[in-house]
Amino acid sequence: MNMSLEELGRIAFEYKSRMDGFKKVILICTGTGCVSSGAMKVFDALKKAVEKEGLKDKILIKKTGCHGLCERGPIVVFGDNEILYQTVGKRNLDNDIRLLISTIKDDAIAESLLYKGDDKTKRYVSTHDIPFYAGQTRFVLALNGIIDPEIIEDYIAHGGYKALVKSFSMERDEIIEWIEKSGLRGKGGGGFPTGIKWRSCKNAEGTIKYVIANGDEGDPGAFMDRSLMEGNPHAVLEGMVIGAYAIGASQGHIYVRDEYPLAVERLQKAIDQARSYGFLGKDIIRSGFDFDIQIFRGGGAFVCGESTALMTSIEGRAGEPRAKYTHTVEKGLWEKPTNLNNVETWATVPEIIDKGWEWFSSIGTEESKGTKVFSLVGKVNNTGLVEVPMGMTLKEIIFGLGGGIQGGKKFKAVQTGGPSGGCISEEYIDMPVDFDSLTKLGSMMGSGGMIVMDERSCMVDVARYFLKFLVEESCGKCTPCREGVRRMYEIVDRICNGDGVSGDIEHLEELGRAISLGSLCGLGQSAPNPVLSTIRFFKDEYRMHIDEKKCPAGVCKALIKLSIHPDRCTGCMRCSAECPVKCISGEKKKVHIIDQEKCIKCGTCYDVCRFDAVTIE
Amino acid sequence: MGIDRDKIDAIIQKYDGDKSYILAIFQDIQRIYRYLPKEAIKFICERLDIPFSKGYEVATFYKSLSLKPRGKHTVHVCLGTACHLRGGPSIVDTFQRELKVKIGDTTEDGNFTFETVNCLGACALAPLVRVDNQDFGKATPGGVKKIISEFMNGE
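Chain order of the listed sequences is A and B.
Under our numbering, the very last position in the first sequence is 617; numbers go up by exactly one each time.
Under our numbering, the very last position in the second sequence is 155; numbers go up by exactly one each time.
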């Protein structure tokens with residue numbers, strides 16, 4: 001007999017009844033961001049304080065996954081998002097714990113811990129009122145920040161594993177049909193229709209098949225998959241079991257970056273718990289279907305995010321990609337049919353099975369369905385994770401949810417798609433974000449990193465940054481990427497150092513085209529994108545560097561000189577205190593001077609000055 | 001440096017002597033020695049019955065493996081895109097100056113190994129410094145000394 005929905009409901013009911021014994025629930029975010037900001041100290045201190053007050057049996061303190069608003073961590077939420085406290089314990093832990101206790105005991109809201117709006121006057125109490133959250137549509141992230149990722153019963157109590165049970169009563173082809181009809185596309189970057197991939201793998205010849213979750217989130221500036229694996233690991237597992245059942249796979253792998261130790265730990269716990277409930281292992285929910293999942297830790301190689309390189313890596317070899325004359329759905333891991341999807345794609349599957357494909361396909365645009373999680377970072381006010389329906393404009397995301405640019409500076413560009421993507425200029429800020437529109441602009445969706453840049457970001461320097469990244473990460477197997485990207489780096493580096501010559505831009509464009517055409521894997525083919533897109537939208541900036549030897553953003557050290565304007569300097573001494581090489585001299589309330597000989601042009605003085613007295617020439 | 005063959009054998013056993021787990025075995029060994037001694041690679045290759053060249057290829061391909069002995073503490077300065085934009089390079093410069101080391105090297109007293117990393121996924125706290133397992137968000141050049149001193153005194 002199968003595990004029925006009733007049985008699942010009983011587990012949920014039992015857990016909920018136990019939780020009903022608590023008068024209040026307090027959620028403390030223990031995602032990597034908040035932990036870095038001191039969330040564990042808050043958890044320990046609050047636990048102690050609650051015990052001391054004799055409220056241990058009445059108050060439940062829960063550790064949850066990432067809430068998304070990482071900038072304002074540590075985040076503490078009361079009940080069902082009724083109150084959100086931010087930066088708890090950042091300034092004064094003891095005092096903040098006292099404030100939390102008084103909220104617990106007397107429902108007194110601590111004004112000083114509330115989220116403040118952009119103008120610093122409005123205060124928001126509930127999570128739902130904060131613009132950062134109010135504008136989001138959270139499906140994949142719905143339980144992130146609500147459930148304890150280390151307790152499977154909590155996931156079940158919130159509807160978890162219902163989709164798994166449901167799918168086992170469906171025909172395998174029907175599941176695949178649902179995924180096809182839903183319009184789900186791979187959220188790791190490529191945007192390939194998931195259902196078609198599943199069907200190809202199911203139809204591929206062979207009795208042994210594999211499924212893989214790609215959690216090798218190597219794009220700098222992206223952390224959606226990390227937050228999912230840490231905050232709701234069971235959703236990934238559930239999606240994989242459903243996929244494996246539909247395809248007929250017997251073994252699954254989750255490939256996780258070595259840099260994500262917490263994700264590995266929580267996934268392992270989740271796998272153990274899922275096994276104990278019979279959601280993984282032999283004879284899953286007594287259906288006769290066997291399937292198990294293993295975690296594979298990566299080794300810090302960016303190229304292993306590419307599907308064929310990832311599979312080679314699992315086989316115990318150096319992770320180099322191979323030509324895809326035969327698709328991996330036919331011959332992948334160990335030469336067996338293998339279906340690889342990104343972590344976020346897998347986590348979306350249970351939602352589609354649970355709510356139906358019609359529901360999913362009603363969200364998003366014509367060609368890109370559902371939602372996408374983005375990591376909104378860089379020079380934006382509210383940095384963190386956001387989930388929005390496909391088709392929302394860049395402007396709505398950056399200015400609506402993100403609250404605009406830090407320090408009231410001017411928006412310049414947004415970088416999407418990591419080292420394979422490009423920079424999009426202000427001109428296109430009303431562009432709806434979906435797979436196809438970003439590709440048209442010479443960028444790509446990628447895994448969902450969205451890095452906002454302001455007037456203090458130099459586009460030539462950004463291009464150099466990505467080239468350096470790619471030079472270091474190129475696996476070296478094929479020549480166009482290994483040699484070509486290095487040559488491009490040398491040219492751009494020369495331009496940044498003030499040694500650019502006319503013809504450099506054309507040379508870069510030519511090299512870029514050759515690398516795109518000649519490289520073996522997707523990473524090599526897209527490697528020139530950061531340069532080509534910045535040339536496309538910011539050619540003038542390149543010209544300024546080459547012809548006038550000037551860096552308008554004030555970033556390229558060889559081209560700038562920092563000085564202090566005597567009329568505007570108030571002698572507050574902030575710059576001299578912050579200067580890492582102590583090259584700024586001056587007494588209190590007297591004009592300060594930069595010693596040009598010693599200055600390393602790091603720009604710290606410019607960034608900390610509150611009177612615009614430091615100028616960059 | 002001498003290696004503890006029994007310990008290594010125990011790790012290999014944990015993975016049933018399966019050669020496809022060579023990276024995981026290397027990672028576990030590195031956790032013991034803080035780096036991957038060449039003798040250990042040789043020994044593992046013998047046990048797994050693969051040529052030394054193959055083992056060496058894997059050991060040098062993956063960035064998280066180090067063939068050089070490491071210091072007591074490892075400092076990682078994140079240079080992901082967000083960290084790059086928010087002043088990561090200045091943090092790198094400051095560490096190099098304060099610790100008198102180049103990227104990838106270990107201080108003379110063996111206390112710190114200094115490395116950069118491409119992204120630690122805590123972009124909202126850029127620029128980020130990770131010392132061993134502890135993160136320091138929104139680092140400033142002025143704050144680097146404080147981070148160093150936290151790990152200086154016999155810790």
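Check the hints yourself; a few may be wrong.
Residues of chain B clear of chain A, computed beta-carbon distances all greater than 12 Å [stated by the list, open to error]:
id, residue
1, LYS19
2, PHE26
3, LYS42
4, LYS63
5, SER64
6, GLU108
7, ASN111
8, THR116
9, VAL129
10, ASP135
11, PHE136
12, GLY137
13, LYS145
14, GLU150
Derived list of chain A stretches under chain B, where covered just means 3 residues or more per stretch with a C-beta under 8 Å from a C-beta of chain B [to be verified]:
id, segment
15, 208-221
16, 236-245
17, 306-316
Honestly, the hints are just simulated from the structure, not real lab data.
Heads up, the beta-carbon is just placed ideally off N, CA and C, and yes, glycines get one too.
Going down the list of hints, with the structure as the test:
1. LYS19: 5 Å, violated
2. PHE26: Violated, because the least Cβ-Cβ distance between PHE26(B) and chain A comes to about 8 Å, which does not exceed 12 Å.
3. LYS42: Nearest chain A Cβ is 17 Å from LYS42(B), so the label holds.
4. LYS63: Violated, since 4 Å does not exceed 12 Å.
5. SER64: 4 Å, violated
6. GLU108: With a cut-off of 12 Å, GLU108(B) remains clear of chain A, as the shortest Cβ separation is near 21 Å.
7. ASN111: Answer for ASN111(B): holds, closest chain A Cβ roughly 20 Å.
8. THR116: 10 Å, violated
9. VAL129: At roughly 10 Å from the nearest Cβ of chain A, VAL129(B) sits no farther out than 12 Å, so the non-interface label is violated.
10. ASP135: 4 Å, violated
11. PHE136: At roughly 7 Å from the nearest Cβ of chain A, PHE136(B) sits no farther out than 12 Å, so the non-interface label is violated.
12. GLY137: For GLY137(B), whose nearest Cβ neighbour in chain A is about 5 Å away, the distance does not exceed 12 Å, so it is violated.
13. LYS145: 9 Å, violated
14. GLU150: Answer for GLU150(B): holds, closest chain A Cβ roughly 14 Å.
15. 208-221: Per the Cβ count (5), the hint holds.
16. 236-245: With 0 residues in contact (Cβ-Cβ under 8 Å with chain B), the coverage given for the segment 236-245 of chain A is violated.
17. 306-316: Holds: 4 residues of the segment 306-316 of chain A have a Cβ under 8 Å from chain B.
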